[in-house]
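> Chain B: place on chain A using the hints.
Residue numbers (numbering that gives the first Met the number 0), protein chains in the order written: chain A, 0 to 800; chain B, 0 to 163.
A couple of the hints might just be wrong.
Here are the simulated EDC-like pairs of lysine to aspartate or glutamate, each with C-alpha atoms no more than 16 angstroms apart in a straight line [to be verified]:
1) Lys406(A) with Glu316(A)
2) Lys612(A) with Glu598(A)
3) Lys25(A) with Glu545(A)
4) Lys581(A) with Asp595(A)
5) Lys42(A) with Glu91(B)
6) Lys146(B) with Glu734(A)
7) Lys146(B) with Glu160(B)
8) Lys25(A) with Glu30(B)
9) Lys463(A) with Asp658(A)
10) Lys34(A) with Glu30(B)
11) Lys612(A) with Glu4(A)
12) Lys2(B) with Asp709(A)
13) Lys23(A) with Glu91(B)
No lab work stands behind these hints: they were computed from the structure.
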Amino acid sequence: MANTEEMTLEEREKTLGGIGSARKRKEDVRFIQGKGNYVDDIKLPGEVFGDFVRSPYAHARVTSIDTEAATAVPGVIAVLTADDLKPLNLHWMPTLAGDSQAVLADEKVHFQNQEVAFVIGEDRYAVSDGVQAVEVDYEELPVLVDPRKSLDDDAPILREDAKDKSEVGQGPRQHPNHIFTWDVGDKAATDQAFADAAVTVKEEIFYQRVHPCPLEPSGCVASMDKVKGELTLYGTFQAPHVIRTVVSLISGLPEHKIRVISPDIGGGFGSKVGAYPGYVCAVVGSIVLGRPVKWVESRIDNLSTTAFARDYRMTGELAADDQGKITGLRVHVLADHGAFNAHAQPSKWPAGLFSIVTGSYDIPAAHVSVDGVYTNKAPGGVAYRCSFRVTEASYLIERMVDVLAQKVEVDKAEIRLRNFITPEQFPYTSCLGWDYDSGDYPTALKKALDAVGYDALRQEQAEKRARGELMGIGVVTFTEIVGAGPMRNCDILGLGMFDSCEIRVHPTGSVIARLGTKSQGQGHETTFAQIIASELGIPSDDITIEEGDTDTAPYGLGTYGSRSTPVAGAAAAQAARQLRAKAHKIAAHMLEVGPDDLEWEVDRFKVKGLPEKQATMKEIAFAAYANVPDGMEPGLEAVNYYDPPNFTFPFGAYVCVVDVDPETGEVKVRRFYALDDCGTRINPMVIEGQVHGGLTEAFAIALGQELTFDEIGNIQGASLMDYFLPTAVETPVWETDYTVTPSPHHPIGAKGVGESPNVGGVSAFSNAVVDAFAHLGVTHMPMPHTAWRVWQTCRDLGLSG
Amino acid sequence: MSKVQITMTVNGQAVEGQVEPRCLLIHFLREQLSLTGPHIGCETSHCGACTVDLDGMSVKSCTVFAVQADGAEVLTVEGMAEAGGTLSAIQEGFMQEHGLQCGFCTPGMITRAYRLLQENHDPSDEEIRSGISGNLCRCTGYQNIVKAVRYAADKINAPREAAE
Numbered sequence: 000m001a002n003t004e005e006m007t008l009e010e011r012e013k014t015l016g017g018i019g020s021a022r023k024r025k026e027d028v029r030f031i032q033g034k035g036n037y038v039d040d041i042k043l044p045g046e047v048f049g050d051f052v053r054s055p056y057a058h059a060r061v062t063s064i065d066t067e068a069a070t071a072v073p074g075v076i077a078v079l080t081a082d083d084l085k086p087l088n089l090h091w092m093p094t095l096a097g098d099s100q101a102v103l104a105d106e107k108v109h110f111q112n113q114e115v116a117f118v119i120g121e122d123r124y125a126v127s128d129g130v131q132a133v134e135v136d137y138e139e140l141p142v143l144v145d146p147r148k149s150l151d152d153d154a155p156i157l158r159e160d161a162k163d164k165s166e167v168g169q170g171p172r173q174h175p176n177h178i179f180t181w182d183v184g185d186k187a188a189t190d191q192a193f194a195d196a197a198v199t200v201k202e203e204i205f206y207q208r209v210h211p212c213p214l215e216p217s218g219c220v221a222s223m224d225k226v227k228g229e230l231t232l233y234g235t236f237q238a239p240h241v242i243r244t245v246v247s248l249i250s251g252l253p254e255h256k257i258r259v260i261s262p263d264i265g266g267g268f269g270s271k272v273g274a275y276p277g278y279v280c281a282v283v284g285s286i287v288l289g290r291p292v293k294w295v296e297s298r299i300d301n302l303s304t305t306a307f308a309r310d311y312r313m314t315g316e317l318a319a320d321d322q323g324k325i326t327g328l329r330v331h332v333l334a335d336h337g338a339f340n341a342h343a344q345p346s347k348w349p350a351g352l353f354s355i356v357t358g359s360y361d362i363p364a365a366h367v368s369v370d371g372v373y374t375n376k377a378p379g380g381v382a383y384r385c386s387f388r389v390t391e392a393s394y395l396i397e398r399m400v401d402v403l404a405q406k407v408e409v410d411k412a413e414i415r416l417r418n419f420i421t422p423e424q425f426p427y428t429s430c431l432g433w434d435y436d437s438g439d440y441p442t443a444l445k446k447a448l449d450a451v452g453y454d455a456l457r458q459e460q461a462e463k464r465a466r467g468e469l470m471g472i473g474v475v476t477f478t479e480i481v482g483a484g485p486m487r488n489c490d491i492l493g494l495g496m497f498d499s500c501e502i503r504v505h506p507t508g509s510v511i512a513r514l515g516t517k518s519q520g521q522g523h524e525t526t527f528a529q530i531i532a533s534e535l536g537i538p539s540d541d542i543t544i545e546e547g548d549t550d551t552a553p554y555g556l557g558t559y560g561s562r563s564t565p566v567a568g569a570a571a572a573q574a575a576r577q578l579r580a581k582a583h584k585i586a587a588h589m590l591e592v593g594p595d596d597l598e599w600e601v602d603r604f605k606v607k608g609l610p611e612k613q614a615t616m617k618e619i620a621f622a623a624y625a626n627v628p629d630g631m632e633p634g635l636e637a638v639n640y641y642d643p644p645n646f647t648f649p650f651g652a653y654v655c656v657v658d659v660d661p662e663t664g665e666v667k668v669r670r671f672y673a674l675d676d677c678g679t680r681i682n683p684m685v686i687e688g689q690v691h692g693g694l695t696e697a698f699a700i701a702l703g704q705e706l707t708f709d710e711i712g713n714i715q716g717a718s719l720m721d722y723f724l725p726t727a728v729e730t731p732v733w734e735t736d737y738t739v740t741p742s743p744h745h746p747i748g749a750k751g752v753g754e755s756p757n758v759g760g761v762s763a764f765s766n767a768v769v770d771a772f773a774h775l776g777v778t779h780m781p782m783p784h785t786a787w788r789v790w791q792t793c794r795d796l797g798l799s800g
Numbered sequence: 000m001s002k003v004q005i006t007m008t009v010n011g012q013a014v015e016g017q018v019e020p021r022c023l024l025i026h027f028l029r030e031q032l033s034l035t036g037p038h039i040g041c042e043t044s045h046c047g048a049c050t051v052d053l054d055g056m057s058v059k060s061c062t063v064f065a066v067q068a069d070g071a072e073v074l075t076v077e078g079m080a081e082a083g084g085t086l087s088a089i090q091e092g093f094m095q096e097h098g099l100q101c102g103f104c105t106p107g108m109i110t111r112a113y114r115l116l117q118e119n120h121d122p123s124d125e126e127i128r129s130g131i132s133g134n135l136c137r138c139t140g141y142q143n144i145v146k147a148v149r150y151a152a153d154k155i156n157a158p159r160e161a162a163e
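Chain A on its own, in the form it takes in the complex (with noise of 0.2 angstroms):
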C-alpha cells in the first residue's frame, strides 16, 4: 500500500484507482499465462466423462433403444436412458419460463439432436465409441418447422406431455401448439390513433434465429461425495445461485448440501442463463457412480441443441402525422419458441421487456401483442448480449421510424429528432408503462452527425446515387431497459432479481468482496473493486473480488441482461456505504471528537478545522479489530442485498455507413460510429472494450448469422464452418464516443452497458444496408445481409450484371 502522507489530494484520489479509472484489469495476470481455471481445465481425481447419444430426427417416436452393446466397449462404465432416470423422477425437468423439458428422450424426440441417452466412460474416446454403439429404432413423425403453421388445425401435435393443459406457465393456450399469449398496451387507443392517422405504415420483420456462440461451450462437472451427502457442481453458469436451488428443488438434495462454483467463464452472452440436460445427467452419474462426472458439449451441440436466440416473427405499424410525428405503434410478434418453452425471461414477462418498443420516442398510443409457440426446433430464445427481448424491441422500431422516414420523405435523422422524448420530460412514463429513468436523446445525436459529418454524407450519397452507385447511412437512437430488476415485477422461479454485495474489510486495511452476479468476461474482479475504492476511499488494487462460490458469496441472480452494474454494483455502493458510516463511528472514537465534527476526505475521516487530526481508512480499520466505541461490535464487515426501485435506461446513437457492391451484393462498412451513454462511467477502458465486442456481435448478427432448418427439421449450418463468426479481417474498426446522463436512482449514477452495441449495432447496420437501396423504393430487406441475399435484390433491381 502506498504511503499517503505525503501525497496531494490529486494524488490520493488517482492512488485509489476508483470510479472513472481506467485501471488495467486483474483478471488479466491469470489469462495472459494460460492459468485461467475454465470447466474443462478442472480434473478431479477418478473423474470420468460422459456425453449424449442424439436424435438424428426432429420428431419421432423412441421405440427401442439398446445399450447392450455400449455397455460392452471398453472403458465405458454406465448409460442412463429416460427410463433409469423415471424412479427418480429426474427424465423431465422445469425450465425457467414454467414449462418442462426432457432430460432425455421419453417416448418421442421433439427437435434434432435432442438428448436420447447419456453415455459414460473413463475418457472421451471410450465415451464416443459408447455413443456409437448405442442403437436406437426411431418412428418418424411429421416434422413441424414452420411457425406459421404451428396453430394450423392439422399441425401435428408436438407436446404430448402438454397437449391437455390448459397453461404451460405463461397464461391460457389456445391450441395444443401454443404457448401463450402476451398482450400489453391500449389497444382500443393505439386502433384510434391508426384511423386518425394522415399516414400509416406496416412492415413484416423477421429477426432471425441466431445463436450466442460463446467461444467456451457449456459444459459442467458433478462431484457427489457420498460419505458426506455432498454435491459440488462446476458450471458454466451466468447464475450459479439460481442453478443451487434449482438442483434442489429437482434432486431432493438439500440446499445446503450443493454448493456450485462457476469458474472462469468463456463468454455467455445469454447462453450460459438456464439448466441443460447435461447438468442433470452428470449430477445423476455423479450420484449413481460416486465419481466425478464431466460433461462438455460439442460445438455442433452448442449450436444445435443449446440456447438460442431470438426467431421472433413482427409484423411493425406506425400511424403518424404528415410531417412524420408517431401517434401510434402496433406490433404483433409470432415468437418461435421450439420444442420446449426454456427461454429465460423474468417469470411475468413472457416476451421479456418487449414492451421497451416504444424506444427514444414520444409515442402517445401503442398495442403490442405476442404469441409464443412450438415447433421442432432446440428451445431457448435467450437473450443474446442484450436485455430479455429488448434487441428484437429496438430493432423493430428503429426499423419502423426508417420506414415511415421514406414514406413521408424526411431525413432519418431528422424524423428522430421529431419524435424524441425531449430532456425536459424526464422521468418519463411511457405509454407501455415503463418509468425512463433519464436521457438527453438530442445532445447524443447532434453529437453523432457531427462527428461523422453527417450533411456532407447524404450530400456524397445523392452524388453516388446519381452516378448508379449504393451508398446507405444508417442512423439509429436506442433506449435500452436493463437491470433487472424491481422485485415488485421481476423474478426467476418466484425468486425476486436483487443482487448482493458482502464486503470484509481485513484490519491491515485490504479488502475482500463477494457478489452474487459472475462475470465471464465483463471484468468484475476490476470494476467493482474500482467501486467499492471510491466509495471506501482503499486503493481498488488492494481489494480482492470474488463472485460464482455459492459457498461463500451472497445469494444473487447473477450476470445476464446488463444487470450486474445496476444491481450488484449498487449493492457494493450501498455496503460499502454501511462500513463507512461504521467507520465514521470508529474515526469519533480514535480522534475523541463528536461524529458531527469529522469531515470525509478521499480516504480518511479529518476533523474540522484541525486538519491535522485525522485517521485514514487504513487505521480505522486497524481500529475496528482493536479499539471500537463501548456498545459496537468488532469488525469491519457488511453485506447489502439491493432490489433496485427502477430498471435503468441506457441509450445511444449509432451512425453507420456502408458501400454495396451491386455486382457481388458485398457490404463494406466504410464507417462505424457508436456513441454510449451508459450513466457513470466504471473504467472507461473496459466499456470501450465491452462496446468493441458487441458491435462486433451486432456485425456478425446483422450480416451473416443465421441457424436455418430444412423441411424435415435438420438443422443447417451448426458448425463454424457454416455459422458466421467473424475474424479480424471481415470485423471493421469502431469508433467510439460517449455522453454521460447518470441514472438518478442507482447509488453512483451508472446505467450498464454491455449490451448496447449489440442492441444498437444491429439496427445500425441494417438501417445502412436498406438506405443504400431506399432511392429504389426498398423499404425493407431481411437479416442477415449476406452477399447472396443483397446480391438477389440487386439482381431482383436490375441493378447488377
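Chain B alone, transformed into the frame defined by chain A:
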C-alpha cells in the same frame, strides 16, 4: 486400443507419454500434461483456441494427432513468459491494450501472435488482422488485439532499432 509411445519437447522440457493413435494433440497436452492453457472451442480447426506452436509453425492442436508431434518441439502459452517468469512483450501487450475479456481465446491468440511476429517483425494493422484471422474472439472485436500485437512488435523492435 493399443497405445503408442511418443516423446516431444514441450516448452523446453522433454516429455513422453503413451497415447492411442487417434489421440489428438490438444487432449495429450491438456489431459496428460495438464497444460490447460490451450483450449477446445470447436474441434474443427475454425476457432483457434487450441493454437500451439509446432516445430516453428502455428497449428490447431485439435486437428493434429499427438503421434504426429512425436519428436517435435511444441510451444504453448505456458511457455511464453521469459526466464524467471517475466511476461513476454506479447503478454504485456495484451494486458496493456485490453486485448482480452473472457480470456478463452487468449492463449491461442498469444501463441499465434508470437509466431506472426517471428514471420513478420513489423506487421501493419492489416497484416496483423490477416495474420490472426485463424483465431476467433467473441469478446473484443479484435481492435485491441491488433493494438496488443502492435505494442509487442514496437517493444521488441525498439532495441533492434536503437542498435541500428
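> Of the hints given before, which are not true for this structure?
5, 7, 8 and 12
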